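Assemble the whole structure, with the sequences as input and the hints as a guide.
One line per chain: the protein sequences are A and B, in this order. Each residue of the first sequence is one higher than the one before, counting from 0 in numbering that gives the first Met the number 0. Each residue of the second sequence is one higher than the one before, counting from 0 in numbering that gives the first Met the number 0.
Hints in this document: simulated from the structure, not taken from any laboratory. Owing to the predicted nature of the structure, the values given are computational and were not obtained by experimental measurement. Among these hints, one or two may not hold up.
What the hints assert, rightly or not - Which residues of chain A face chain B? A partial, calculated answer using Cβ under 7 Å:
#1 GLY27
#2 PRO29
#3 GLU30
#4 SER32
#5 CYS38
#6 HIS142
#7 GLY143
#8 LEU179
#9 PHE180
#10 GLY185
#11 TYR255
#12 GLY256
#13 PRO258
#14 THR321
#15 ALA322
#16 SER323
For every residue, glycine included, the Cβ atom is placed at its ideal position computed from N, Cα and C.
Next come the chains, spelled out residue by residue.
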Amino acid sequence: MIRNREFWLVVLSGLSLGVLGVLLSLWGNPENSGICVSCFIENSAGALGLHDNQRMQYLRPELIGFVLGSVVSALISRDFRSRGGSAPLSRLFLGIFMIFGCAVFIGCPIKLLLRLTAGDITAVAGVVGLVVGVWVGLKGLAHGVEFAPQSQSKASGGILIPGMFILLLVFFIVRPGFLLFSSQGGGAQYAPWQVALFVGIGLGALAQRSRFCITGSIRNFLLMGLRTPALWGLLTFIVAALMVNLITGKFNFGLYGQPGAHLEYIWSFLGMGLVGWISVLIGGCPFRQLIKAGEGDVDAGLVVIGMFIGGALSQSWGIAATASGVSMYGKITILAGFALITVLSMFCRVRST
Amino acid sequence: MFKDTFDKLCWLFLIVVLISTVVLIYTNIGTGSEKRAAGPSKTLERELSYRARVDLINQLYLPVENLRKEGNNQTALLKLDELIRKYPTEAHGHILQGDILQRMGAFDEAISSYVEGVKLNGDYVDTKSPLSRRAEIQKLVDGGLKDVGPRVAANPNNRSLVIARQKLNYLKSRLAGGCE
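Right, here's the structure in full:
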């Protein structure tokens, strides 16, 4: 396996995500949130005026970088193909609920590992939830639960999401009056934008080449065991982030007083469980969806749109959890998410008769 | 994509639209019309209303501050009680209440008031905010955890002590930062 180019690409992706995920926090991003796709989406939705939490409004350059890095890499390697048509509306709704799951846990699967490697052991419930969610999703796949296959269309819709993110970059640089920026709270904490954009582009390009994804790595490990390169990427991520946290003094082992964390373990478990299950059905975690959208995958593009809607609603409707815990709306939303994915699984199941 | 007349017309129309957009932007830059159309910057507008709010809060709670400075803590607490009932979603009253109770030695009650305040408005634990009381809250948490921890260990069934520790941990978590 170690002579395989794919193996080293995945390891490099894991290493870069782990190291830069911690460093971005040191350079100004919120604690343990150097890279968090769901937080970035909530911040960016706020910056565009889609929600009114004044502490969560900043158009994150990393997010723009992920997509644009993927576009550039896909164009160079001739991977850019406009494709789609696989249960688009279902994916849109699953994108919304994927962010709800992240909002209840407080973080996407990448932040889950960043929290864990910073010593936040409240994240263990999320790790267990994510693995169980992926396992349940795999069981579904094994029993014929899958969306209709994608078809390759002529280059039409595939350019829309990259185009949208180029427009967001223009907005970020030009700063039109309608764009909102927090002056307090998590939205007011950010790394220098040039650094954030550059890191985002680099990670986006690497992830496009390696197909690295947190839930995809867990899925492949459950399917193939130690033979999958993705597992080594995941382990490299964890070791790299842990080392950088230890070296920079960011490691704070404990259960209490952790940044952006709560003690409602059941809901952390269920939130990440929902994210894991959805990720298997739609083919990747929130980060992977951004990368796929950059490759011209229209279905992933719809998930991205759904994630923006989810990011806005999780703040506007009080779904997002805080350090004080998970709101009733958050709990109901998670249960609604499980109901939705169960119904979708029943309807899209291919039954062998 | 450049085969028949329809394709050519589409390309022509696209070029016309793009040129028009560039011309429109170019001719309007610096004239102020784009600013008039969009209205004042929302960020600036919000900053102004935030400053106005801070001024209003300082004005509203000035009598309490004066009473506190005079050492008249009991009257200050009564006045605060009245203001908290009048403005139930305003955090400042709870923060001042926490400050006064802490000075009076009512440690557990002070923690509860600070928690109420921070839950209503996270600006009080931000370094950048003009409302920031971060240093005071940090001091309360550091001292509190040292004090409450051994007390909880000695009396594990004492519910009020356990709740006080939970509240201190909440404040510690908010002080630690994070994205929320």
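Hint by hint, here is what the structure shows:
no.	hint	result
1	GLY27	violated, 11 Å
2	PRO29	holds, 4 Å
3	GLU30	holds, 4 Å
4	SER32	holds, 4 Å
5	CYS38	holds, 4 Å
6	HIS142	violated, 37 Å
7	GLY143	violated, 39 Å
8	LEU179	holds, 6 Å
9	PHE180	holds, 5 Å
10	GLY185	holds, 4 Å
11	TYR255	holds, 4 Å
12	GLY256	holds, 3 Å
13	PRO258	holds, 3 Å
14	THR321	holds, 5 Å
15	ALA322	holds, 4 Å
16	SER323	holds, 6 Å
Of the numbered hints given earlier, the model fails hints 1, 6 and 7; all others are met.
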